[in-house]
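Letter by letter, the chains look like this.
2 protein chains.
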Amino acid sequence: MSINHDPSLGTGITMTKRSIGKKVPPLVLPVCLLGSVVEGKANFCTVAWFTMIDDEPPTIGLVLGKGRRTMDGILENKSFSVNIPNIGQAQLTDYCGIHSGHKVDKSDLFRTFYGKLGSAPMIEDFPVNIECRLKEVIEFKGVDLIIGEIEEVHIDDGCLDGMKANHKLIDPLLYAMPGGPYLRLGEDVAKAFSIGKTLKKK
Amino acid sequence: MSINHDPSLGTGITMTKRSIGKKVPPLVLPVCLLGSVVEGKANFCTVAWFTMIDDEPPTIGLVLGKGRRTMDGILENKSFSVNIPNIGQAQLTDYCGIHSGHKVDKSDLFRTFYGKLGSAPMIEDFPVNIECRLKEVIEFKGVDLIIGEIEEVHIDDGCLDGMKANHKLIDPLLYAMPGGPYLRLGEDVAKAFSIGKTLKKK
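Respectively, the protein sequence lines represent chains A and B. Residue numbering for the first sequence follows our numbering, starting at 185 and increasing by one per position. Residue numbering for the second sequence follows our numbering, starting at 185 and increasing by one per position.
Pulled out of the complex, with its shape left as it was, chain A reads as follows (with noise of 0.2 Å):
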C-alpha cells in the first residue's frame, strides 16, 4: 500500500516490526490507590488497569484481582474511591500495590476524607479523588471488573484553573507497564479535537 498522507505527518519511513508474542503490552498507563472501608478502616491498593465506562451517568471500571482485601469493603459499603496520585507520592503509591491490606494496615498511612456518600474514604494529599458507588461487578476468570457510578469529584484548589483541572498542576503519576518505571507528563503535543480537522486527505 502507499502512503496516502502527508509523510511528515508521521514518521514516514518503513520500520520494521518485531513481534513479541502473546503479553502483556507496552503501554503508559494512570495509576490511582482505590480505596474502600474495611472492618471500618480505611484500605487502599494500587491500580493502574482502570478506565472510564460512560460519561452519562459517568462510571468508571476497574481491575482487581482475585481475593483483593480492598474488595471486601467495596461489596460490605457498595462505595469505593479512586484516588489519583502526583508525581512526590509514587513512594506510597508503589507501597500501596506491595503490600496486601490482609498483611499490613494501611488506615495510617493517609489523612482521609469523606464525602457525599460517607463510606468511600478518600486521601486528602493526592490532588484528585473520585467518589464511587458500586453499580456492578463483572467476573473474569482471574479478576473482577468493578463497576461505579461517580457522585462526586474533588480535586485539590491549587490544581485548578477556575473550574477547570490543569493537568500540570495536577502533576499525575504515570507508570509504564508491564514492570514500571513511574513517570511524569512532558510537554503539550496538539490541542484535541482540532488538530485533525488541518489534515487534508489526498
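Hints in this document: simulated from the structure, not taken from any laboratory. Hints are supplied without guarantee of correctness; some may be wrong.
Because identical chains cannot be distinguished in the list, a pair is counted as satisfied if it fits within a single copy or across any two copies.
Each computed EDC-like pair below joins lysine to aspartate or glutamate, with the alpha-carbon atoms no more than 20 Å apart [as the list claims (entries may be wrong)]: (1) LYS352 <-> ASP372; (2) LYS352 <-> GLU371; (3) LYS384 <-> ASP289; (4) LYS250 <-> GLU223; (5) LYS325 <-> GLU240.
Given the structure of chain A, go ahead and fit chain B onto it with the hints provided.
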C-alpha cells in the same frame, strides 16, 4: 487525623478540596486507534477509554460508543487491532476521532499489515500494534465494552532494547481527559515495585 508518614513523601500540606460535581474526572490516558476490516476495507477509530483486563491470557477491554462503524467489522471478523501512536501521529489520531467511518473512508490513511489472525488491520507506521481476537461484548446503556484476547504484540524494531519495549523510544501520545490537550511523556520518577519497599511506617 494526623499524618503518620514522612511528610516529605507527600505534599505535607493540607490542601483545600473543591468538589467539581458528578462528571468525567481529569485523567491522563493513553490513546489508541482501534482497527477492524469493514466490508473489505480497514477502518479505524480513536479510543482513549481502554484498559488491560487480565494477563493470563492477556486480555484487553475497549469502550466504544453505540453505532460505531469499526464495531461492524469487529463483529463481522471477530478480530480487531489496537494501535498506539507516537507524538508525531497526533494529527492522524485526532482525525480518526473527529470523522466517522460511516462518512469518511479511512482505509487510505495508513499503510497496514496483517498478523496471525489475518483480519485485524494494523498500522505499520504506529510503533505498537496489538492483535486481538474478540471474546465478548459487554453492553452498557450508552456504550459497548469490547473484550479481546491479545494474540500477538508487534513493535517497531527501533523501539526495542533487545526484546524489551523502551517507552522513551515509543514516545506514546497521551490524552488529557476531558477535552485534551495531547501530551507526551516526561522524565522517569521512580522504579515500580521497588521504591515502595523503602517506606518506613511509623
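**OP:** If the cutoff is 20 Å on CA atoms, where do LYS325 and GLU240 land: within, between, both or neither? Let me know, please.
**Re:** between (29 Å within a copy, 9 Å between copies)
Original post:
What label fits LYS352 with ASP372 when the C-alpha limit is 20 Å: within, between, both, or neither?
Top reply: both (10 Å within a copy, 16 Å between copies)
Subject >> Up to 20 Å CA-CA - GLU371 versus LYS352, copy category >> reply: both (9 Å within a copy, 14 Å between copies)
**OP:** Could you place LYS250 and GLU223 in one of the four classes (within, between, both, neither) given a Cα distance threshold of 20 Å?
**Re:** within (19 Å within a copy, 40 Å between copies)
**OP:** Go through the copies and call it for LYS384 and ASP289: within, between, both or neither, with a Cα cutoff of 20 Å.
**Re:** between (57 Å within a copy, 13 Å between copies)
Consistency with the previously given hints is maintained throughout, with no hint failing.
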